[in-house]
Amino acid sequence: MELVSPGFGLIFWMLVSFSILLFITFKFIWPAILGGLKEREDEIANSLEEAKKAREEMKNLQSDNQALIKEAKNQRDEILKEAKTLKEDILKEAKQQATLEGQRLVEESKKRIQQEKMAAITELKNEVADLSISIAEKLIKTELSADTKKKDLMDKLIKDADKQLN
Amino acid sequence: MILKHIKLLLIALTISGFALKSSVAHTDHTHEHNENIHEVADEEAFDAGKMIIEHVVDSYEWHILNWGHTHVSVPLPILIWHDGQLLSFMSSAFVDHDTHHKVPVFFDANGAMIHYDGHGPNAAFALAILQDGSHKGKIAYIDVNKYMASHEIVEITEGGLPWDFSITKNVVALWFSIILMLWIFVSVAKSYKTRKGMAPKGMQSVVEPLIVFVRDDIAKSSIGEKNYQKYVPYLLTIFFFIFFNNLLGLIPIIPGGANLTGNIAVTGVLALFTFVITTFSANKNYWVHIVNTPGVPWWLKFPIPLMPIVEIMGVFTKPFVLMVRLFANITAGHIIVLGFMSLIFIFGAMSPVAGYGVSIVSVAFAIFMSVLEFLVALIQAYVFTLLSALYFGAALEEHH
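Those protein sequences? They're chains G and E, same order as listed.
Per my numbering, the first sequence starts with residue 1, numbered consecutively.
Per my numbering, the second sequence starts with residue 167, numbered consecutively.
The set of hints was computed from the structure by calculation and includes no laboratory data.
Idealized CB from N, CA, C, for every residue including glycine.
Treat the hints with caution; some may be incorrect.
[Stated by the list, open to error] Below are the BS3-like pairs computed for lysine-lysine, each with C-alpha atoms no more than 30 Å apart in a straight line:
(1) E:K386 / G:K27
(2) G:K38 / E:K386
(3) G:K117 / G:K159
[What the hints assert, rightly or not] Simulated restraints, written as ranges between beta carbons of each label pair:
(4) G:S5 / E:T360: 44 to 52 Å
(5) E:P460 / G:S63: 58 to 66 Å
(6) E:F540 / G:I44: 29 to 37 Å
(7) G:N60 / E:T360: 34 to 42 Å
(8) G:E56 / E:T445: 47 to 55 Å
(9) E:T445 / G:I44: 33 to 41 Å
(10) G:N60 / E:T445: 55 to 63 Å
Okay, chain G solo, but in the shape it has when bound:
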């Protein structure tokens, strides 16, 4: 029966030794280990939480970025549109102005041509008048000198006049 009859000495030493073990482990070992474990677990939990937050922030930033990009695009489009209309306006105006200028130029040219024409006509008239007068002068002079030569003279004069006119 010695298998199931506990020895007194062993009970005593077990009580004493196990109590000491409990005391040491309670006082020095488990607080350090459990504290360290807890600390690390908290740290990990915090890190995870932070990572999650960072991810969310990133997401927000990304959506912000997208909004910015969208806005920028819109702005660009608007600017482009404006530029286009502006260009068109400018072109239109330029065209209009060019047309007006052209018209004005044409008008002016016409006027000038008219003036030149009038001046030429006047000059020609004067020339013709002068010529007629000189012809008449010469004619009268010839008529007065010789009848024979009248005809030759007449032809010559007419020829000269022709030459001059041409």
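Add chain E to chain G, keeping to what the hints say.
Just chain E, lined up with the frame of chain G:
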């Protein structure tokens, strides 16, 4: 979670059941046979049952091996409290140097040791390790005159057993395991300080999963979120104490090999701690449950207080069961392995060839059992811790 616990419990119980059954079966077969095939006939007959029990129980010396006729063992200090004084001597005093027979140790009236020369010393009292009887294996006062007359060791039963504080094999193993535990856990605790916020490394990463397991899966789930933290240190200490000693018990040579967790004194003290903590942490609801169990018909409580009696018995059977379960499981495992080893010598006594033949099978089975015991070492530590935690949980349960 509870399902998992129940499953593991069932496994543990099945294994222990098998272990007990087969141990009984093997000890039945161990009749007396002549032992050593190489030794001469004067060698003591091999008694497997005796050998096994000697290996499993506590001892006053640490036996290492027998080499022919030489017993190699480490003597351990014997401390006896006798009449207000402490007698201390080494256990080798109980063995005769020449004959290797077990002899008593004689003392005079002042408690001084007397050398026994076989010629009637004037001894006032004598101590001896009893070889049989109900106190077999324990140190007791013996009748000096009867020993003188017939060299017969007869216990004096009147005064009872002496106060025996001897540093036995199990006490040495206990201290060794405690030093080992402290050494490991102090270094682990240090690494939590030096490696703050870093991943566990080395021994730390070996024990950390177990610590987390005890904390989360045993303490937290059994005791409850609210109160568990207070009990975690105790549960951790008993878990690792039992686990370490179970493993040390599996090592066949010194400093392992002492069957500490298979000793009823040790498991008894562990169970006592659990019992005391349970009782002191119990709330009002726990006692009400015992005295006036709710949900039970009144005639079970009055006039014969049947339920209260059962409940009060339950308070004591719980730690008792803790004590017996651990003791029986570990001891049974040791007995089986030793049984397989005994088979070699039993068959060897019949014929050397049979001995060698059986040795192959025996060693294979012993290795298998050792591996199984490795599992049992963990399971039993788990079961003891879990049940302690469940008892604490029950003691702290709030009224629903």
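**OP:** Could you check the structure against the hints above and give me the numbers of any it violates, in ascending order?
**Re:** Result: no hint breaks.
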